[in-house]
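Colleague: Respectively, the protein sequence lines represent chains A and B.
Under the UniProt record's numbering, the first residue of the first sequence carries the number 1, and numbering increases by one thereafter.
Under the UniProt record's numbering, the first residue of the second sequence carries the number 1, and numbering increases by one thereafter.
These are calculated hints, taken from the structure and not from any lab test.
There's no promise every hint is true.
[To be verified] So the derived list for chain A, only partly shown, Cβ under 7 Å to chain B, looks like this:
| # | residue |
| --- | --- |
| 1 | 95 |
| 2 | 331 |
| 3 | 384 |
Cβ coordinates follow ideal geometry from the N, Cα and C atoms, glycine included.
2 protein chains.
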Amino acid sequence: MDHLTFRYELAQQLRVDSVRCSSAAGSGHPTSSMSAADLLAALLDGHLRLDFENPGDPRNDHLIFSKGHASPLLYSCLKAVGAIDDAELMTFREFGSRVEGHPTPVLPWVDVATGSLGQGLPIGAGLALAGKRLDRLPYRVWVLCGDSELAEGSVWEALEHAGFEQLDNLIALVDVNRLGQTGQTMHGWDLESYAARARAAGWRVLEIDGHDPEQIETALKDAEDGDGRPVAVLAATKKGRGVAEVEDKPGFHGKALVHPDEAIEELGGIRDLRVTPAKPTARAQPHVFEVRGGGLPAFEPGTEVATRKAYGEALRALGDRRGDVVALDGEVSNSTFAEMFREAHPDRYFEMYIAEQQMVAAAVGMQVRGWRPFASTFAAFLSRAYDFIRMAAVSRADMCLMGSHAGVAIGEDGPSQMALEDLAALRAVHGSTVLYPCDANQTVQLTAAMADRSGVNYLRTSRGATPVIYGPDEEFPVGGSRVVRDGDDVTLVGAGITLHEALHAAEILAPEGIQARVIDLYSIKPVDAATLRRAAEETGGLVTVEDHWPEGGLGETVLSALAGVGAPPVRVLAVRIMPGSGTPAELLGQAGIDAASIAAEARELLKTRR
Amino acid sequence: MDHLTFRYELAQQLRVDSVRCSSAAGSGHPTSSMSAADLLAALLDGHLRLDFENPGDPRNDHLIFSKGHASPLLYSCLKAVGAIDDAELMTFREFGSRVEGHPTPVLPWVDVATGSLGQGLPIGAGLALAGKRLDRLPYRVWVLCGDSELAEGSVWEALEHAGFEQLDNLIALVDVNRLGQTGQTMHGWDLESYAARARAAGWRVLEIDGHDPEQIETALKDAEDGDGRPVAVLAATKKGRGVAEVEDKPGFHGKALVHPDEAIEELGGIRDLRVTPAKPTARAQPHVFEVRGGGLPAFEPGTEVATRKAYGEALRALGDRRGDVVALDGEVSNSTFAEMFREAHPDRYFEMYIAEQQMVAAAVGMQVRGWRPFASTFAAFLSRAYDFIRMAAVSRADMCLMGSHAGVAIGEDGPSQMALEDLAALRAVHGSTVLYPCDANQTVQLTAAMADRSGVNYLRTSRGATPVIYGPDEEFPVGGSRVVRDGDDVTLVGAGITLHEALHAAEILAPEGIQARVIDLYSIKPVDAATLRRAAEETGGLVTVEDHWPEGGLGETVLSALAGVGAPPVRVLAVRIMPGSGTPAELLGQAGIDAASIAAEARELLKTRR
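Please build the complete structure, drawing on both the sequences and the hints.
Modeller: Put into structure tokens, the structure is as follows:
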């Protein structure tokens with residue numbers, strides 16, 4: 001068999017196997033797989049440099065299915081290269097199977113989960129950035145994109161950044177099959193419309209017939225000649241290619257074929273071809289950044305320092321100690337103090353401009369290669385990347401996020417800049433860690449702790465300076481809490497800004513004969529349930545106070561910790577009206593989360609108890 | 001004074017007033033205001049057709065500051081047109097003032113809140129769509145954009161949609177002042193880089209010197225000649241224009257000037273010019289869609305119908321009854337059943353393709369003009385638009401969202417498609433309503449109820465068919481709940497999919513002598529605290545069960561409702577491990593939220609109580 005004939009046969013096998021596994025499952029996306037089969041056959045046979053037997057080899061190319069619904073094609077490829085066998089392929093979408101409905105990293109050859117469209121390309125851009133600037137290895141990042149997903153703004157963020165960063169190790173194979181889920185895409189087969197956009201962003205564009213083996217070969221070869229520009233191979237294809245019943249017809253998205261046996265026959269029957277992609281030949285090891293070591297920053301108790309500033313100093317110091325730590329920021333590094341890291345470690349700092357989706361996606365891409373990203377912006381603007389954070393958990397990504405300017409305590413800038421939903425959003429991410437320090441030394445400890453934790457880690461910091469109440473050598477284990485003041489009448493639970501208000505409230509209450517216990521709940525998730533339960537047993541009730549909407553934040557965290565055993569009264573103080581501008585003190589007062597409000601609520605609670 | 005001299009003087013006044021109000025506040029963004037002053041002076045004086053005395057006039061043009069941080073300029077404009085007086089201008093950023101740090105609709109001339117960058121243009125595209133296809137009035141939508149915010153993918157979604165929809169009533173004035181918050185933008189003053197992108201998306205582009213009154217006049221005049229293409233006026237400007245100390249210099253973003261008096265002198269001193277924008281002259285009234293009336297759909301108890309399908313039928317029927325109801329969908333209308341609305345009311349249906357940010361933004365834009373948008377996609381993918389939903393609340397937007405395919409109960413598609421954080425995210429939106437029906441007739445009632453509610457309303461629906469357990473005439477008030485089965489031993493609380501599992505669990509427990517009360521908590525927010533408290537008093541404890549992560553969902557809603565008074569044990573059943581693919585039954589079982597798990601937890605709870 002000559003090369004192109006082999007590829008044709010291999011592509012037909014990929015189609016047949018896509019039909020077979022989705023028909024066995026009774027669901028899935030065979031037609032979206034069939035359109036890209038020729039592209040993938042060519043990629044596997046002569047272009048991809050990936051040792052499937054050693055998926056952890058740092059020199060390997062990466063292959064991301066941004067159109068994750070084409071998972072039947074991916075799994076058919078894995079079978080063709082011998083990574084999985086036919087029996088496993090045929091467990092597609094079964095309970096407990098690794099070949100899930102959409103790809104996830106339970107398969108060692110899958111770097112990141114996809115299936116939420118428009119994520120694979122920005123993540124691929126992050127991986128390509130890692131290749132160029134961190135690993136400094138010549139691996140390529142191949143991303144199979146659908147045309148429908150090009151409607152996502154995140155794709156354009158990726159185009160923009162990849163062009164700007166000259167990521168010629170990033171190659172997007174765009175399967176322009178014209179048909180979305182419900183009908184034709186905006187641009188159909190108008191390749192030129194995509195080409196103009198990509199070119200404008202600094203990409204090299206190759207337009208081909210995605211079913212013509214010769215054109216594909218020429219394009220892939222061409223794409224490998226890096227000239228400083230990322231490459232988009234725009235391939236006009238037909239959805240359901242090869243089976244007349246469904247080819248280029250609407251109405252067959254996301255469905256197993258009605259007549260799979262006939263389709264398989266039409267495709268030439270079941271084959272058992274094997275293909276062995278090239279192994280990476282580069283001898284280089286990943287680049288290692290030299291570090292100078294040194295301690296963590298320490299702050300003098302009694303001074304006032306913003307926790308966001310302590311974050312910046314801690315991050316810089318972490319970078320001094322660990323070469324794997326990298327930082328990304330959404331063009332607010334003088335607000336998040338990520339600039340301190342940038343100044344000390346410019347090689348490991350990534351300016352992501354005002355593109356929070358791309359920022360989080362790049363972090364996900366970098367952690368694939370073992371780097372430890374810290375991505376920062378205003379906490380409110382992490383909401384822009386919430387789908388990426390959600391999917392990072394499905395990707396089993398290990399990464400750190402820092403959101404500054406939390407709550408009404410930011411003051412004059414007003415509600416658009418105030419994160420009041422971030423605790424709820426970040427808690428509701430599987431396996432996440434949510435930390436909210438109240439002082440500079442605590443911030444340092446928690447920032448350092450985050451760097452060793454798996455999953456999505458989130459640190460919430462405040463804009464204004466807060467008193468340093470802890471010594472620099474105190475320890476704050478994740479999952480712990482701190483009883484800052486003892487008392488048995490009532491418990492006040494705060495964190496961050498509100499811990500200081502709670503302490504002040506306790507001082508107000510003391511002369512009235514009310515001894516308040518104050519708990520610093522710096523670890524919102526995981527939470528120190530034992531200390532909270534003890535407080536529930538030993539005091540007359542709890543007042544929780546948070547600079548956050550009442551839903552899903554600190555108060556509900558406390559309620560959850562106490563739920564199973566029955567609880568004393570818990571009063572949840574939180575922001576319940578839409579704030580405007582004002583001084584921090586005015587806004588904390590208006591929201592009813594300042595010291596006076598906490599004291600009043602504690603009195604009220606004790607009155608009903610007595 | 002000739003026209004251009006007047007404009008120059010007016011622009012200087014806008015600069016001076018921007019300096020004055022931000023200096024009085026001690027914060028704000030004067031330099032970001034000064035760069036765009038010439039553009040705004042020209043717009044007010046001869047181009048904007050807006051009757052500031054009648055901001056509700058449907059014929060008015062709309063002016064959106066997508067770069068919301070240029071609020072000093074906006075407020076200076078409002079003073080120049082006589083909408084606010086100088087005294088109010090000087091309350092900038094004060095507690096209780098309408099002139100907040102970033103614009104919000106507490107000012108009647110502000111349609112939507114901005115300040116989260118990259119939102120004004122997509123919202124403007126929605127307003128422009130409303131102008132073309134709903135109101136059918138010739139108003140224009142002027143959007144002042146910054147150059148930094150063009151890095152947001154949402155801006156490219158807006159470019160894409162506006163081009164595709166031929167919105168020549170949309171004019172973006174892009175203030176290319178080169179400098180972001182921390183330094184130069186990706187493209188600096190390279191207007192051509194932006195121009196190529198916008199042209200590729202079908203826009204007409206005019207490149208000008210943004211400080212040259214003649215070029216501005218020519219461009220604005222030109223922009224008004226609609227030729228089927230939206231218009232981007234790319235204006236090269238200087239940040240801090242007019243004050244040498246700050247002009248075109250980095251390091252002055254978001255700060256009051258250090259020497260305001262000198263700056264005001266350099267700008268020619270305080271002026272008190274007035275400008276009266278043209279009033280709209282069109283006589284037309286907004287288009288009114290004729291409706292045929294008719295009842296709401298009804299489903300036969302005992303049959304099985306997916307709640308997403310009931311949503312589609314309800315929405316179609318709502319459209320039959322109300323001409324103000326419009327629908328938008330993210331290219332999944334055959335999954336959300338928004339296609340039923342599309343088929344019946346194609347003029348009021350908007351295909352937003354796979355661009356969830358633009359979908360929500362368009363809904364926000366349309367409700368500005370009094371339309372009632374229903375925007376739908378998979379619930380998981382609403383997370384893509386979370387910042388837009390958050391900001392919609394700040395915008396005081398009245399709109400409806402529907403998210404389908406909630407939870408592990410979707411089955412084989414796997415975690416990327418499963419919404420497991422949507423209740424937490426949507427609850428934590430100020431003033432939101434969160435509804436989660438379990439059957440088709442309930443879905444119909446709640447869909448209809450949403451259409452009359454203010455704020456952000458969210459309906460969560462399920463993929464699979466569920467038994468119709470309620471009659472078509474039963475009522476389900478928002479904020480209510482339904483005791484579906486009586487019992488005094490234990491209370492089971494579910495909603496949606498899990499209500500059926502809870503009912504089944506009660507049937508399992510009954511022969512064991514355990515009489516379980518089952519509550520259908522279809523209204524997650526606001527919640528029926530009274531019924532929950534009664535159950536807490538009358539039964540031995542509660543088991544809550546939700547197809548959602550444990551954080552911020554139904555369980556914590558129940559805990560919050562019971563918090564103030566002290567509560568019996570509450571056991572929260574929720575999804576606690578990362579699901580894969582499988583059948584709905586397998587995945588509900590694995591997550592421990594199926595009937596057997598609920599029954600087991602109830603037994604356990606009662607054991608510890610007895």
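Colleague: Now, for every hint given, state plainly whether the structure supports it.
Modeller: Hints, verified against the model:
1. 95: OK, holds: residue 95 of chain A within 7 Å of chain B, min 3 Å.
2. 331: holds, 5 Å
3. 384: holds, 4 Å
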